[in-house]
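What follows is the residue order along each chain.
Number of protein chains: 2
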Amino acid sequence: MQRTRGIVRYPGGMLKRDYTTQYCSMAATLEIIGERWTILIVRDVFLGIRRFDDLQRSLGVARNILQTRLERLVEHGILRKKAYQEHPVRYEYRLTSKGADLWPVLMSLLQWGDRYAIDGERPVIVEHRGCGGELDDRRRCVLCGADVSVTEALAVRTGARRAPSGATVPA
Amino acid sequence: MQRTRGIVRYPGGMLKRDYTTQYCSMAATLEIIGERWTILIVRDVFLGIRRFDDLQRSLGVARNILQTRLERLVEHGILRKKAYQEHPVRYEYRLTSKGADLWPVLMSLLQWGDRYAIDGERPVIVEHRGCGGELDDRRRCVLCGADVSVTEALAVRTGARRAPSGATVPA
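Protein chains in written order, with the working numbering: chain A, 7 to 177; chain B, 7 to 177.
If you are wondering where the hints come from, they were derived from the structure by calculation, not from laboratory data. Please read all numbers here as calculations on a predicted model, not as lab measurements. Any given hint might turn out to be false.
Put simply, identical chains are the same to the list, so a pair is met inside one copy or across any two.
What the hints assert, rightly or not - Computed list of lysine to aspartate or glutamate pairs in EDC-like fashion (alpha-carbon distance at most 16 Å, straight line): (1) 104 to 120; (2) 88 to 59; (3) 87 to 59; (4) 88 to 37; (5) 87 to 140; (6) 104 to 143; (7) 88 to 158.
Based on the sequences and whatever the hints tell you, model everything.
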């Protein structure tokens with residue numbers, strides 16, 4: 007292994023002109039989930055929004071873009087399609103375990119954004135289900151100290167929203 | 007607060023046609039760091055690559071794109087410029103505390119990618135400095151159990167790299 011002053015240096019030749027040519031787990035992840043809208047689609051599925059029309063309404067994204075992104079997420083095994091109606095057949099999108107394992111990515115984006123990216127009250131608080139404690143930056147319950155898993159977490163809307171002026175309106 | 011079957015639902019009107027109109031901490035974070043290359047620039051600065059030419063060589067990104075992304079990161083207070091030479095003045099880029107707080111985002115992307123996005127041996131392992139234990143998905147040392155902070159973490163290159171064929175070559 008090559009160490010340089012306690013940190014690692016990539017030889018220049020390793021990182022090329024495109025993500026796909028970088029042998030880096032972070033770059034490889036961004037190749038899959040880094041496209042515009044993709045993470046917000048995954049967020050919505052985490053929040054229980056599973057059907058095409060509901061996702062489209064929630065996100066306000068163009069239908070063709072949503073369709074492309076959903077297909078790619080299914081192709082990558084992050085979402086799976088499940089029929090919820092037979093005649094005509096209609097599908098909803100569920101997280102696979104690979105998809106559910108994106109929860110730490112979503113939580114870290116949420117928590118950084120709560121602190122630095124939004125101007126006003128947090129729109130969503132994530133709690134330890136049943137216990138009610140908030141989650142710290144290691145997804146531990148601040149009340150009982152438990153390591154909280156995705157199925158034990160509860161996203162609670164505070165009611166805070168951005169006013170048309172850009173200022174926020176508490177609930 | 008509004009709860010629906012244990013999960014929260016966004017009213018359709020809250021999420022609009024563009025990230026900037028969504029009052030969501032995740033979307034707000036992506037507005038800042040979601041642009042192509044931005045996270046990989048932040049990754050490189052974490053790894054100690056701080057100067058424009060070194061970043062350009064490491065990433066292989068076009069100079070004008072790199073310049074734009076760096077300016078935006080400085081504007082958002084994620085990086086700061088520090089002169090390392092006077093005649094002529096030359097700057098390097100350092101993480102602010104706001105930037106260093108992106109570490110959990112990078113770690114979650116890295117760990118998901120290690121598991122699901124790369125095909126082959128992990129190119130980088132993050133260890134607890136001094137102790138040598140790896141970090142779990144809550145950034146705790148698997149050897150001593152400590153909560154590891156960014157300054158206590160050490161990125162170690164394994165030497166694994168992708169062969170021209172796409173197969174990986176262990177060190």
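Going through the hints against the structure:
no.	hint	result
1	104 to 120	between (25 Å within a copy, 12 Å between copies)
2	88 to 59	within (15 Å within a copy, 49 Å between copies)
3	87 to 59	within (14 Å within a copy, 46 Å between copies)
4	88 to 37	neither (25 Å within a copy, 32 Å between copies)
5	87 to 140	neither (32 Å within a copy, 36 Å between copies)
6	104 to 143	between (21 Å within a copy, 14 Å between copies)
7	88 to 158	neither (23 Å within a copy, 44 Å between copies)
Checked against the numbered hints above, the structure breaks hints 4, 5 and 7 and satisfies the rest.
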